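Enquirer: Residues per chain are reported as follows:
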Amino acid sequence: MRKLYIGECFSDDPSGRYYTDGDGNGEEFREEILKPLLKSLNHLIVNISRNVEGYGSSFLVESFGGLIKHGYFSKDEVLSKLTIENESEDYEFYKKKIFQYINEANYDSEKYISSKSKALKNGDYENLIDKSFVQKWIDGR
Amino acid sequence: MKKLSIKTRFRSVLRELKNRFNFTRKALKKKNKKQNEKQEKRNNKQKNKHVKVSNKPLWLEANNWVDNEIDPVLGITFLNRKNKRSRKISNKKKQHDVVLNLPSQMNFSSDNEKTIVVLSAIRKLVSVLSFYKGRTIPRKAYRLTSVNFDGLKEISTSTALVLTAEISKWDSTIRKNLQPRVENWDSKIYSQLSQLGFFDLFLNKPERPPNSNDVETNMSFVPYMRAISNDKRAATENKKTLKLNILELVDRDSIDKWTILHSALTEAITNVTHHAYDDSFKQDSKCWYLTGSFNRTTKVMKIAFYDQGLGIPATLPASKIWEKVVDYFAKSDKPKLERYQDAQLLEAAMKINRTSTDKNDRGKGLQDLLEFIRETGCGYLNILSLHGSYLCNISDGKESTKVQTLKKSLPGTLIMWSVTLK
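Chains A and B supply the protein sequences, listed in that same order. Each residue of the first sequence is one higher than the last, beginning at 1466 in this note's numbering. Each residue of the second sequence is one higher than the last, beginning at 10 in this note's numbering.
Source of the hints: derived by calculation from the structure; they are not laboratory data. Computed from a predicted structure; not experimentally measured. By construction, the Cβ of each residue, glycine as well, lies at the ideal position given by its N, Cα and C atoms. Treat the hints with care, since some could be wrong.
Stated by the list, open to error - Straight-line C-alpha distance at most 20 Å; calculated PhoX-like pairs for lysine-lysine: (1) Lys-343/B with Lys-411/B; (2) Lys-329/B with Lys-1576/A; (3) Lys-417/B with Lys-133/B; (4) Lys-1561/A with Lys-266/B; (5) Lys-266/B with Lys-1560/A; (6) Lys-142/B with Lys-178/B; (7) Lys-1468/A with Lys-1560/A.
Unchecked claim - Ranges of calculated distance between the beta carbons of each label pair, as one might list FRET restraints: (8) Tyr-1470/A with Ile-146/B: 55 to 63 Å; (9) Gly-160/B with Asn-1568/A: 29 to 37 Å; (10) Asp-260/B with Arg-1467/A: 39 to 47 Å; (11) Lys-308/B with Asp-1573/A: 46 to 54 Å; (12) Arg-1467/A with Asn-186/B: 53 to 61 Å; (13) Asp-1573/A with Lys-416/B: 43 to 51 Å; (14) Arg-261/B with Arg-1467/A: 30 to 38 Å; (15) Asp-1573/A with Ser-289/B: 34 to 42 Å.
Same shape as in the complex, but just chain A:
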């Protein structure tokens, strides 16, 4: 079973909703990490506490709630495939928020329009995070 450490594999300061908010945003995490991994893996453990300073709601709602909002998965699918892990009591707060946003999301209620090209063009997003591990995990390496 694969375990994803957000603080080590993605960013120690995950924040912002869209690519236009800079590297380490919720849309990037959902589109380039969570969605492909959940599509191809049977189960994924996400560690939210190690080496992470904290999360803004914009990041959490866009990355986790967005999986359902854009119709990629149903709530039940996400809840059965995803385990949220935290090593510190402070992060229990974020774990609750993640489940709250998953449960509150409306399935397929918004068509996804990527903000990546606009963000790249404006220089707001630089694609600094190495996400090559995603393909390796999908390939079973």
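Once you have looked at the hints, place chain B on chain A.
Expert: Same frame as chain A, but now just chain B:
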């Protein structure tokens, strides 16, 4: 003699008139063209007039605003006005040079009116300088030449941050030409503003006055941080620096629930990036400022975050949560006249997500601002924006909110967290 019919007579009269006054189709066209040209000229004149009129109010408005505020609260000295002799000697241009005198106490609680008026005066006078940058400022316009700190004895953390932000804007406008004169400053103020990093603003740094090292104050500041709104790397660095500086100040290894405060700051920064500044602001002026302080006696830690943007109440109607705000008011029992006041809009923005169940997942960020004090269970969050003040106080786990309309409008948005460390 043949009798003329009416029709024939009319034709012959018309022919005669055409011959006499060159009243042909061509002539008519020419005439119309000339008239159109005249009209166009008149319109252009009117337009130019309008431009002049819209130019004028900026300095006139600032002048009128300053004149209105002088008597009640604003401490201003007009250079070369009191002394007739010096007026004769001086250059005509300097007749409207003004010095702003800071009051003895500056804070957003007990002295909020005086404090906001002084800060607004700096903003308004600097906006005139900024508007006429590289051009001649109208002779009658009030020109900010100095801000006098000599009378200032007490300043709160948040006020120090806003004051620093406004002085920073002024310094940028006049190409880093400001030079602080600190000889007559109160030692405590000098010491606190030094800690805040106030003097790092200036290329021309002042010499430290004697005895200022010996000043013992209960309250210590951490150096303020500034970043352009869409600079994410600076945002991450600044949040980490704030944590390190605060930990050093409070002399602890960790602060309970700091991660929640980190989230609140993250959301405050995201809000600034999305909403605070529109295209009318220059890119390098779309900034936010952050600082903190710790009182060793009371163990109160304060964190202040400020942006110089349009203000939350002004940006709400164009935001994606406006529908939720309208819906909130429709369900509330607030009188219709009060609904769209700044303070009510602030309150609505803070409350909507708790009551709304619609598809829109926006507006959760503002709730994040509250979570830090909710989780610590003791402290307050205060948001000031334009005429609105929203205060959420938590004492012994009991939450109470107070919404207030400020007499004077604070330009931008100021967010303050205050908690007592256990």
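Enquirer: Each hint: holds or not?
Expert: Each hint tested on the structure:
no. : hint                                  : result
1   : Lys-343/B with Lys-411/B              : holds (15 Å)
2   : Lys-329/B with Lys-1576/A             : holds (16 Å)
3   : Lys-417/B with Lys-133/B              : holds (13 Å)
4   : Lys-1561/A with Lys-266/B             : holds (15 Å)
5   : Lys-266/B with Lys-1560/A             : holds (15 Å)
6   : Lys-142/B with Lys-178/B              : holds (13 Å)
7   : Lys-1468/A with Lys-1560/A            : holds (16 Å)
8   : Tyr-1470/A with Ile-146/B: 55 to 63 Å : holds (58 Å)
9   : Gly-160/B with Asn-1568/A: 29 to 37 Å : violated (57 Å)
10  : Asp-260/B with Arg-1467/A: 39 to 47 Å : holds (42 Å)
11  : Lys-308/B with Asp-1573/A: 46 to 54 Å : holds (51 Å)
12  : Arg-1467/A with Asn-186/B: 53 to 61 Å : holds (58 Å)
13  : Asp-1573/A with Lys-416/B: 43 to 51 Å : holds (49 Å)
14  : Arg-261/B with Arg-1467/A: 30 to 38 Å : holds (37 Å)
15  : Asp-1573/A with Ser-289/B: 34 to 42 Å : holds (38 Å)
The structure is inconsistent with hint 9 alone, although it conforms to all the rest.
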